[in-house]
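Enquirer: Start from the sequences and build out the full structure, keeping to the hints where you can.
4 protein chains.
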Amino acid sequence: MIVVLKPQSEQSQVENLINWLKEQNVDVHISEGHFQTVLGLIGDTAKIDDDLVASLEIVETVKRVSEPFKSANRKFHPDDSIIDISGVKIGGGNFAIIAGPCSVESEAQMIEVSTKVKAAGAKLLRGGAFKPRTSPYDFQGLKAEGIELLLEAKKVTGMPIVTEIMNANHLPLFEHVDVIQVGARNMQNFELLKELGKTNKTILLKRGLASTLKEMLMSAEYIMAGGNENVILCERGIRTYETYTRNTLDLSAVPMLRELTHLPIIVDPSHATGLSRLVKPMAMAAAACGADGLMIEVHNNPKAALCDGAQSLTPEQFADVAKRVEAIREVVKAEYDPTF
Amino acid sequence: MIVVLKPQSEQSQVENLINWLKEQNVDVHISEGHFQTVLGLIGDTAKIDDDLVASLEIVETVKRVSEPFKSANRKFHPDDSIIDISGVKIGGGNFAIIAGPCSVESEAQMIEVSTKVKAAGAKLLRGGAFKPRTSPYDFQGLKAEGIELLLEAKKVTGMPIVTEIMNANHLPLFEHVDVIQVGARNMQNFELLKELGKTNKTILLKRGLASTLKEMLMSAEYIMAGGNENVILCERGIRTYETYTRNTLDLSAVPMLRELTHLPIIVDPSHATGLSRLVKPMAMAAAACGADGLMIEVHNNPKAALCDGAQSLTPEQFADVAKRVEAIREVVKAEYDPTF
Amino acid sequence: MIVVLKPQSEQSQVENLINWLKEQNVDVHISEGHFQTVLGLIGDTAKIDDDLVASLEIVETVKRVSEPFKSANRKFHPDDSIIDISGVKIGGGNFAIIAGPCSVESEAQMIEVSTKVKAAGAKLLRGGAFKPRTSPYDFQGLKAEGIELLLEAKKVTGMPIVTEIMNANHLPLFEHVDVIQVGARNMQNFELLKELGKTNKTILLKRGLASTLKEMLMSAEYIMAGGNENVILCERGIRTYETYTRNTLDLSAVPMLRELTHLPIIVDPSHATGLSRLVKPMAMAAAACGADGLMIEVHNNPKAALCDGAQSLTPEQFADVAKRVEAIREVVKAEYDPTF
Amino acid sequence: MIVVLKPQSEQSQVENLINWLKEQNVDVHISEGHFQTVLGLIGDTAKIDDDLVASLEIVETVKRVSEPFKSANRKFHPDDSIIDISGVKIGGGNFAIIAGPCSVESEAQMIEVSTKVKAAGAKLLRGGAFKPRTSPYDFQGLKAEGIELLLEAKKVTGMPIVTEIMNANHLPLFEHVDVIQVGARNMQNFELLKELGKTNKTILLKRGLASTLKEMLMSAEYIMAGGNENVILCERGIRTYETYTRNTLDLSAVPMLRELTHLPIIVDPSHATGLSRLVKPMAMAAAACGADGLMIEVHNNPKAALCDGAQSLTPEQFADVAKRVEAIREVVKAEYDPTF
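Chains as they are written, first to last, in my numbering: chain A, 1125 to 1464; chain B, 1125 to 1464; chain C, 1125 to 1464; chain D, 1125 to 1464.
Heads up, a few of these hints could be off.
If chains are identical, the list can't say which one is meant, so a pair holds when it fits in one copy or spans any two.
Said to hold, decoys possible - Capping the alpha-carbon separation at 30 Å, the derived lysine-lysine pairs in DSSO-like fashion look like this: (1) Lys1171 with Lys1187; (2) Lys1130 with Lys1187; (3) Lys1240 with Lys1457; (4) Lys1278 with Lys1240; (5) Lys1199 with Lys1187.
Since the hints were made in silico from the structure, they are not lab data.
Expert: The following block contains the structure:
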């Protein structure tokens, strides 16, 4: 951490600051210029509060050199994390597609969709039981019943299931769920993250509506700091001023996160674009830049979907997407598989 | 709601759609052009799901004419709501300043700050007991003890208190709190909003980090739909690419929200700018464009604040700001007070 | 175009509006609801000014159904445009990589870089002679001398050249330049676009720093309205609040533009990310989602580049990228080539 | 400027860098930590290219401590600049309102509007002769004839005139224009800025559609580096994801720029919000936070305005706004007038 002091700071104040910093167990190297003094902090600066230091009267600016995340940081964990979800591996060269409807609607739907997406190559089944909707008047999901229907489909197809949690009090309902999803609107619901950190479930953490990569990694850190290292990151588009697409899919996030963290990184082209006809090219692009997996909305009858139908594929369209993604994976596998 | 159909849609599909819409209890007016047919939906369209309709194969685009919020909507409630907080009124021409430290630190601090801000004209006391921090390693607040210290200060000064909630399970701790704040990161924590909708506490709802005004109103609607109409909206800056200020304070939100809703609207210049020296001009500007109140960070010793010190004022600086704001209020009162 | 009128508009004003619209040579279909009247305009609405109509006292909102761009619109020109640049084709299944340094520095540099990128598969040579720099004190390019050096390299390698124009008065210097680039900061320099519309040069139009796709297409329309239909669109990242990358590369723009326009679409991963180590994965992703080409910065000695060195590849790194992109193209060719 | 080197950089490379930096006439202070070395550059670092240094293999990150703008920088010019426009002063406590129509349409219009806005307190007359329009099919202004009509109005009312330039070749037409406006889309048209830097006209520089304050100051620097120090900065809203208003007016820019530069700062609430009914509150807010002036669209018949009518006031509405702004100015004058 670099602390640039204001010109003409009082010597006694500078000394107070240096002493306080040393009490926080960091070393302080002092560089005095003609006009300004710069302090270089060495050691475990993750616990030093930027805001606190920046607020001091004699401080002009503060810049972190090392990242404030530790458990998620590739520097301290150079090898890719491989997460094993009831036998399905993701990360470290293992690629997996998660597919299924936005909302769980009925048993017939779940059996049909899960059977078809499994046949087409999907490894995990998704489906929303608890739905975060902008309007209190929109459909909020089947809740506990939705989880039951997912478990039914899991029994039939053997696919591990992924579903979103909105309230830590619902955790008992998630006992047999394989992957718990934290949605974009809850990415900084720190109370929820802390509770998930106490479980040993795999957590699929979606990037916030307008979050930076650093904030996403800090949210992963909340989960990991509690002892749960099974975290998968999911890029799902961010909010911009472009209106043709629902969000702007930030695919540079994939190689950038790859550099910053050892955690697996997947991409959700359905929510990112909001348009089913853009899912195929963006799924292919995500595979090409090294994503460890995809999350794709598939509905047996998109026209009747209770939510987000405009972004759902039919099972037939999904099969085509999965085939093209597989072809891209063949080309890039050697590029992104550390064991190759 | 206007539904524009795609050119050459099949007549049978169009009829299916019209029938389905009528089943949702809305009237449908049909306008057939040379190329495209446009449906105008009349009636209670708030419960019609835009996404669902937009997802249909024959639909090109959907546009809402009326707003999807009802309880918060000025159209259905033309008069300003006046909220009475243990005797302090806000809204409908009543202006109030909320002041206090970002974090509650000690009894001495709270007594000193609250006494001074009250003397300077503040009507409510704020202080963070539960703190949402981006990093799990940063100070998270004194929690229950923090609320106790706020209640101590309330006993001494008689000022109603405002403090943030992060978890609905903590509600019992807020029994004697006058105003419960929902922070920016929880603006779309719908589970929390629903629980707050079941209480009769005044809720101070802060705009999300990168939320639109419509989303903020829909979040207010979540609280109000549960029966609690005591909601105050708070503009606190939104995320942009400008880096000199922490956020971009969107003051146009004040007159825009005034038009859209009857709820009181306050402004938080401290979090918006992140710089204590910008608080005064922005507080004055907020008063000038018709805000019903302000929320300002004040700390007895900003240099030692455990968080967000860079944006805190000293009690002396606050007194100066309050005086200037009062002068602006004198000029604009007639402009914004409907009872004048 | 849909015009929603305000409730209780005066009948005489509504009639005035309808008459005025008919004078603009559009048909008007009227749909009267219980509360609101909706007008549907049919015909050539591209010349109707949205702002003007929206400004009328009786108008609540205006929504375009058809796009305001015509020459660039795929609806009126269903087949992909194929642009022939001195024998190098781009668009309609033809893929081409443009490579070269950010700034032209010397003859030796240009000969070395162009020879090497050609050997690695690049089809066009780029190099900046006129450089738009944020600071007046930064290097502004070799100007006329830079164009001479590009033409030297063209003589040696036979590669057509691409270079940026900043001032229409410089057009005579571009007589032998094959592709004239309009940079992001000039995307809405309409005076420049109009002048380029009078030439028959191929124009490479970069997306503005924070432009929407619609604005980019309208800028293409400025060039095409002048009679020059040789326009290539270039996605180069847009401005957001993410700071790890210089801009946020919006790859969804590729399939979205593909749908909206017949013009070729290329991607510049170097400027988009600002980081040479992200160029390879993003170039592969761009090819995977259907880009017609790439523009990549290559420098013989990135450490000494006079500008933008952090995003330049060495010729050896470029050869590796080109090979991987070629492999992706093999897989996706059938997907994006209309003649397949 | 602070340069943080990568851990384990080769000593010879570090020495090369230090020698090169010294050749650029800056002093280099070296601070060696356990893991990383930090260089502090002292002296005239404005001419050092950040990008170049950041691109070096051994450099991890670069941070500017001093601003890269000099002529516009308050540090080197502590007193407010006061610009005299044919007798009308702006800056340093002098407040002025610029008013007039978006587009010049006719002599009768200009005489009527200018007479009325002058009577209401406006000091300068604006009117667009050359209009930057997103679509080539929209009205582009009366051009040379428009300037003639402005000069007619000036003759009648004696008000200095403000009008936009889009092409440096048109400069001869601006000979009798008092203030030349550079529009948002041309804020980084560096060729135009350089030409304006060679004149002695007052330049009103509008903030770009999505520009940072630093970029706006660097664009002012382009003009000032040419010798023309008569620059007025204009905040006119920036692009965000909020859709109720056309742009997001960033009023914090006023006190922030006040700190960074000595140049006068005005605010354009008409273009910022795009809604005439928000002009009054935002004009009052701008005055309250210390703007040196306002630019407000006024049209004698907003319903018939050829462009941007939705944001125009009638002369009567303008008179009301001017009166309220005057009342705010009375309150805040002492706050912002350095001569008080």
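Enquirer: Which hints, by number, does the structure contradict?
Expert: none
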